[in-house]
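Protein chains in written order, with my numbering: chain B, 1 to 336; chain C, 337 to 662.
Source of the hints: derived by calculation from the structure; they are not laboratory data. It cannot be assumed that every hint is accurate.
[As the list claims (entries may be wrong)] The following label-pair restraints were derived from C-beta to C-beta distances: (1) B:Pro127 - C:Asp411: 37 to 43 angstroms; (2) B:Gln109 - C:Leu441: 57 to 63 angstroms; (3) C:Ile573 - B:Trp284: 44 to 50 angstroms.
[What the hints assert, rightly or not] Computed footprint of chain C on chain B; a stretch qualifies when at least three of its residues, placed anywhere within it, have a C-beta under 8 angstroms from a C-beta of chain C: (4) 256-263; (5) 292-304.
[Said to hold, decoys possible] Short, incomplete list of chain C residues facing chain B, as computed with Cβ under 10 angstroms: (6) Asp395; (7) Thr399; (8) Leu403; (9) Gly404; (10) Asp406; (11) Lys407; (12) Val469; (13) Asn474; (14) Leu475; (15) Thr482; (16) Met485; (17) Gln536; (18) Glu539; (19) Ala595; (20) Ala597; (21) Val598.
These figures come from a predicted structure and were not determined experimentally. We put the beta carbon where it would ideally sit given N, CA and C, even for glycine.
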Amino acid sequence: MNNTHTKKSCVIPPRWRIRLHSWLGATLTLPLILIALSGAGLAFAKEFERVLAPDLWTVSAVGEGQRMNLNSVIDHVHQWRPHDELLSLNMPERPQDTVMATVKGPEGQVFELFIDPYRKILVGERPANHDTVYWLGSIHRSLSSGPIGAVLVALSSIGVILLFLLGQWYRRGQRYQQGSEPVVSVHGRLVYLAAWVWLICASTGLFAQITDQSLNSFAPPDGRLFASMPRDTLSCTGAQMDMIWWQTDGRSLARCMAPGSFGPFGTRYSNGKQDAISLAFKDWLAAFHTGSVMGIGGRAIWFWGVILLPVTLLSGLLLGYKRSRPRSVSVPSNPK
Amino acid sequence: MNRQKQLHNMAIMTMLAVLFLIWVGGTVRATGAGMGCPDWPTCFGRVVPPFSAADLPPDYRHTYARLGYDKMPFDPVKTWTEYLNRLTGTLIGLLSILTCVLAILAHRQDKALPWLAGGALGLVMLNGWLGAVVIDSNLHSAVVTTHMMLSFGVLFLLMAVVTRTLPSSSHQPARIRRRGFFLVPIAMVITVVQTGLGAQVRERVDQMGTTEHLTSVVSWLDHVGAVLNVHMAGALIVIIINLWLMLRFFGADARVNWALAVLFLIVIMQILSGTILITLHLPTLVQPLHLLGASMLFTTQAFLLLAPTHVEDQVSPLHHGRPTTY
């Protein structure tokens with residue numbers, strides 16, 4: 001009994017643990033909400049794109065014959081936009097997808113062209129900075145404010161990890177103080193459910209920021225992988241072509257996906273000289289950052305886990321507000 | 337009947353309806369009836385879908401050309417299968433509204449109930465809208481899979497309502513939380529990932545049917561790719577983790593034992609249906625059953641995660657109808 005008493009009085013959690021946790025949470029609420037929501041949007045950006053612009057992305061494949069091959073697509077793009085430079089091609093992943101070509105006009109403006117691969121027609125076009133992936137990405141990576149925003153994103157990633165550690169430290173102190181498991185709030189339950197997703201996203205995102213790597217799956221990998229080869233030698237043996245990038249000096253690189261593969265597994269690069277170049281480190285980092293390492297189920301879990309972050313932050317703020325309010329003391333009735 | 341009991345029953349009914357909808361949705365996908373109605377919420381511009389080609393609008397081939405109707409023949413069976421899916425969705429919308437209303441009326445007993453039931457209603461509405469997107473994206477497989485997986489969120493929130501409205505006499509003993517309780521959320525994550533992989537196998541089969549024109553259904557097995565092998569290996573992990581849960585939790589409480597018995601039956605059903613799908617080359621009737629099994633597995637695991645606990649011999653009247661850990 002005496003021991004317990006000593007333990008309780010000695011290990012009372014210092015108030016500054018919870019104060020630090022609360023103030024850090026309050027400071028980071030807005031940037032974290034922005035990062036979490038834009039990141040969750042980016043994880044399903046391809047699907048959102050199809051929701052927002054179905055006419056550009058979807059065609060009917062019923063009863064159609066062969067799709068256009070790579071050379072035919074390139075020829076048609078040059079025919080439609082003779083003065084533009086072809087930057088990349090996003091090949092159809094599924095039968096009902098269009099081909100998306102990214103071209104740069106003579107005045108430097110970048111456009112996206114959507115091509116029906118069965119009927120060989122241009123379905124539509126738009127400036128590249130009008131697409132969802134672009135603006136969600138610009139919010140997510142830099143909060144649209146350049147280097148200052150990038151630092152803020154890095155600090156927010158560190159902040160998530162610190163928030164979790166401080167929260168756990170406070171809980172441990174509470175456990176010692178009460179001598180039993182503390183009462184679990186909704187805030188605590190949400191942390192229990194989704195903290196591991198936030199920690200994976202924050203640490204991989206932070207690592208990408210520090211090492212200056214882009215986790216955008218549409219961005220080309222390291223320029224050293226590109227090679228100068230005739231375009232008809234660019235192929236993916238036994239696999240489906242996913243993306244092809246061209247550099248200004250004419251060198252190119254293709255990303256290939258084995259049929260029935262998921263996430264980064266079964267994906268490789270090909271540059272005409274080498275048919276199977278293994279994925280770059282940034283691709284694996286991106287797979288862990290987005291949850292695609294576990295297929296669409298993983299992406300769905302990551303999505304909901306990240307969506308829970310703003311809810312958890314707000315529930316934490318509410319909890320802090322409730323605890324800081326002076327409690328009304330009930331007057332016991334006079335026993336007769 | 338008190339308000340909490342009514343809410344409890346209504347939430348169970350809504351949950352069963354969602355499971356039925358998952359089965360109907362699986363049937364729609366397995367039979368290729370997804371584009372049976374090429375618009376939303378109407379079907380060929382009508383509230384009640386057409387029974388024959390004579391009832392179709394005259395310019396329907398032109399209107400729905402982007403969605404494949406320039407070449408696809410009209411099939412009333414597919415149209416009505418898709419329509420049944422929509423009717424069930426509407427029924428779930430109504431049941432969710434009723435659950436939400438009852439939860440608001442029962443908020444004095446537990447303030448979390450309206451939030452949980454409201455969240456479930458929000459997800460049902462979001463999923464209704466996603467149903468329209470499925471049509472608009474011409475059954476884009478990732479959108480179809482997302483549409484299906486959102487139902488898991490609805491089931492989770494409804495299960496939270498069901499468990500929070502259990503009478504305190506039905507609470508599990510708190511000692512269950514010391515029996516490797518952390519495994520339950522891990523098992524749920526594995527179930528979701530495994531369901532996603534299963535959906536990707538299904539996507540791949542759809543894709544092969546459209547582009548690769550396989551000469552016989554038998555050859556699909558050789559062409560699916562790595563995702564099928566990973567899905568089959570994942571099944572082994574699902575079996576092991578659920579057996580582990582059964583071993584750890586068995587004997588904790590009569591209600592837990594019931595849940596574990598259900599879990600066991602579902603795992604057996606999944607093994608059987610999975611084996612049938614592989615050996616008999618994806619029979620149409622078994623595909624939705626396999627998906628239903630996965631949803632039921634997730635729901636049972638959610639029950640184990642969310643079921644309220646009480647410290648033995650200390651059931652306080654203050655905690656009536658509410659889990660003591662909240």
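How the hints compare with the structure:
1. B:Pro127 - C:Asp411: 37 to 43 angstroms: This hint holds: roughly 41 angstroms between Cβ atoms.
2. B:Gln109 - C:Leu441: 57 to 63 angstroms: holds (58 angstroms)
3. C:Ile573 - B:Trp284: 44 to 50 angstroms: violated (21 angstroms)
4. 256-263: holds (count 5)
5. 292-304: With 9 residues closer than 8 angstroms to chain C, the stretch 292-304 of chain B meets the three-residue bar; holds.
6. Asp395: It is violated, given that the least Cβ distance between aspartate 395 (chain C) and chain B is near 16 angstroms, above 10 angstroms.
7. Thr399: Because about 13 angstroms separates threonine 399 (chain C) from the closest Cβ in chain B, which is outside the 10 angstroms limit, the hint is violated.
8. Leu403: Since chain B brings a Cβ to about 6 angstroms from leucine 403 (chain C), closer than 10 angstroms, the hint holds.
9. Gly404: holds (4 angstroms)
10. Asp406: It holds, given that the least Cβ distance between aspartate 406 (chain C) and chain B is near 7 angstroms, below 10 angstroms.
11. Lys407: holds (4 angstroms)
12. Val469: holds (5 angstroms)
13. Asn474: holds (5 angstroms)
14. Leu475: holds (7 angstroms)
15. Thr482: holds (6 angstroms)
16. Met485: holds (5 angstroms)
17. Gln536: The hint holds - glutamine 536 (chain C) has a Cβ within 10 angstroms of chain B, the shortest such distance being about 6 angstroms.
18. Glu539: holds (8 angstroms)
19. Ala595: Where the cut-off is 10 angstroms and the nearest Cβ of chain B is about 20 angstroms from alanine 595 (chain C), the hint is violated.
20. Ala597: violated (26 angstroms)
21. Val598: Violated, about 22 angstroms.
Hint compliance for this structure: hints 3, 6, 7, 19, 20, 21 are not met, and every other hint is.
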